[in-house]
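Chemist: Residues per chain, in single letters:
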Amino acid sequence: MNQGSNKIMPLTEAVAEIIKDGDMVVNANFLSSIPYAIIHEIIRQGKKNLTGVSCSSIEELDQMLSGGCLSKIITSYYHRAGGKTYKRELDRALKDKRVQLEDYSNFTVMSMLMAGAMGYSFVPALKSVKESDIFRLRTFKGDDKIKTIACPFTGEETVVVPALNPDVAIVHVQRCDEFGNAQYWGSEGTVKWSALAAKKIIVSCEELVEHEKIKRSPFLTVIPGFRVNAVCVEPMGAHPSPVAGYYNHDNLFRASFFSFAFGQAANEKFISEWILDRKDRKDYIDHYISRFGQKPLEILKVNEYMSDSVNMGYKNTYWRGDFCDEIALTREEYERKTEELGELEL
Amino acid sequence: MKYRRAELLVLTAAKEIKDGEMCVIGQGVPMAAGAIAKKTHAPNATILTEAGMVDIEAFQNLEDVADPGACIGFSYSVDLFDVFTTIVNKGYADLCMLGIAQIDKYGNVNSTVIGNYNLDKRSDIRLPGSGGANEFAGHCNRTVFTMMGGKPVEKLDYMTTPGWLIGGDSRRKAGLPGGPDAVLTRYGVFRFDEATKEMYLASLFPETTVEEVRAYVPWDLKIAEDFGKELEKITPPNKEEVEYLRIFEPMFGISGNIGRRLQSQALPVYWEGGRSNYK
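Those protein sequence lines, which keep their order, are chains A and B.
Position 73 of the first sequence, counted from 1, bears residue number 62 in this note's numbering, the numbering being contiguous throughout.
The number in this note's numbering is simply the position in the second sequence, starting from 1, with 60 added.
Think of the hints as simulated: they come from the structure by calculation, not from any bench.
Check the hints yourself; a few may be wrong.
[Unchecked claim] The calculated label-pair distances, taken between Cβ atoms and stated as ranges, are:
#, chain 1, residue 1, chain 2, residue 2, range
1, B, G151, A, G144, 30 to 36 Å
2, A, L126, B, S190, 44 to 50 Å
3, A, R325, B, G129, 27 to 33 Å
4, A, S117, B, S230, 39 to 45 Å
[What the hints assert, rightly or not] Far from chain B, by Cβ distances over 10 Å, these chain A residues were calculated:
#, residue
5, L20
6, S60
7, H68
8, V118
9, K119
10, V149
11, P151
12, Q163
13, N237
14, I264
15, H276
16, Y277
17, K284
18, K290
19, M295
Beta carbons: idealized from backbone N, C-alpha and C, even for Gly.
Same shape as in the complex, but just chain A (with noise of 0.2 Å):
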């Protein structure tokens, strides 16, 4: 569809045309490979109305709340660490009615979007959900947030949740090529039905490779390029969270932050050296050398167990020189066939 077309573009421009106030907007990555240079240069855009969702989120939602971004959140986790006078911007904002949050499971979450992802308009989700208060309590999607139907085969009661498409998915893979075909591997968690579900996509990359990369393995593409609306290219992308076969977590940073974020003043001060001060991901790690040296990121480097690779193969032409194989005969037996077989004229 899209296919042929490139679609590099800085994070800047693709968050300013993409991304509208308002908008729904899912990070597909699940806790690994988070977009975290996606979702700061949302928050320096300083988009608003957003309605964040996020299967299992780690800092992300908080910090997105933290930039004024979020009005909604459609969530199952949302980490916390520090005991128990430890607040988050959550904390703050639930207090202050800032945010709506909508409490499902992580599979929940995951069955919204792949119904969403494959077009259909609910499917039926795991029955244990109803028998809890996620199930009974509702903010802002009411009733639509989770039914029972009784099956028409069984006639068993059958819990059902509906679609979800968000607007715009943001995803951090790996590689990809000029056309928008994403490759990630690792721990797939919900990237491939997150994306999918949604109507455009942006995927920020550690690295831009060729198509004929990728044509190699196409079974790592989990977005292809007809879906997606704009790579970015943006090496350590999802730091502090992990990549596979490129970096891994960085625990120290994040108990940096979190100790930050004891309280709003502490909080307020890491977004702003972080991400408000900061001109792009290139000057986030540029800033992190500054302060801490390059020897926390040598902590963090991977070590390297390569895929086997396969032979995906492909077969010998029909025709050697002026016989075909295929058939066994030479050219001029061919065409002495077509000429004999023919129905109409050149």
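Add chain B to chain A, keeping to what the hints say.
Modeler: Just chain B now, kept in the frame of chain A:
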């Protein structure tokens, strides 16, 4: 130089795919047509098959829709379920091209059985069945059928795949998107009237008369002129196109049956003793 109607059918079918479109190709003529379109006028088309090979660029014809060896790599590998849900049901497939055996005047298709479903009579023939046809033609944005050996009928022996149903807006009322756009046959191309959805003759192959086509179609066939349109004459292909097709897939030039007979006799050619040794 002589060429076959089947070859013109493939080359004409290729032209139904526009550059930049995403096209699902089915077994037979469509596979060759899709690959040739990509090689010629539609280099930016995305060609995919039901088996989940997305964005293929075949260097020769595919044996079937699950033949990765006919191309050197491809962009996106998924399974059949993904093809029908994330691509077709979501509306990303601009068109599908499918080979068929029997069609009625509203573009509904039978690819299941010729004659009686219970095969009571000797002449009844069990065909392959739906395969991917039902949902591809049911849900792609546009459908192009190719009919090499089959024929139009007044009433289908079995309704395998919905076309325009009973014509008019019946397909939309049934909640189906898309619909048949063209039927390519050995005589020419049929299209569908916008209002009634009845199939009419839109263009004619060379060395073919309207009378021949009327004899091929059992109902009182309308032609383009009945709708104030010009009946197009398809120009013969050029020599290069035919020669390219014969390198790409030699079978169309000699007919599939003769090709298969040659194949069945080929092993002794490679074996000591040659063809004469074949019993």
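Chemist: For each hint, tell me whether it holds in the structure or not.
Modeler: Cross-check of the supplied hints:
1. B:G151 <-> A:G144: 30 to 36 Å: holds (34 Å)
2. A:L126 <-> B:S190: 44 to 50 Å: holds (45 Å)
3. A:R325 <-> B:G129: 27 to 33 Å: holds (29 Å)
4. A:S117 <-> B:S230: 39 to 45 Å: holds (44 Å)
5. L20: holds (23 Å)
6. S60: Given a closest Cβ separation of 28 Å, the condition holds.
7. H68: Correct as stated: the minimum Cβ-Cβ distance to chain B is 29 Å, above 10 Å.
8. V118: Nearest chain B Cβ is 23 Å from V118 (chain A), so the label holds.
9. K119: holds (25 Å)
10. V149: holds (17 Å)
11. P151: Holds, since 16 Å exceeds 10 Å.
12. Q163: Check passes; 16 Å lies beyond 10 Å.
13. N237: holds (28 Å)
14. I264: holds (33 Å)
15. H276: With a cut-off of 10 Å, H276 (chain A) remains clear of chain B, as the shortest Cβ separation is near 37 Å.
16. Y277: Label holds. Min Cβ-Cβ 35 Å, cutoff 10 Å.
17. K284: Non-interface label stands for K284 (chain A): nearest chain B Cβ at 40 Å, farther than 10 Å.
18. K290: K290 (chain A) clear of chain B: closest Cβ-Cβ about 30 Å, beyond 10 Å.
19. M295: Holds, since 19 Å exceeds 10 Å.
Figure legend: structure checked against the earlier numbered hints; every hint is met.
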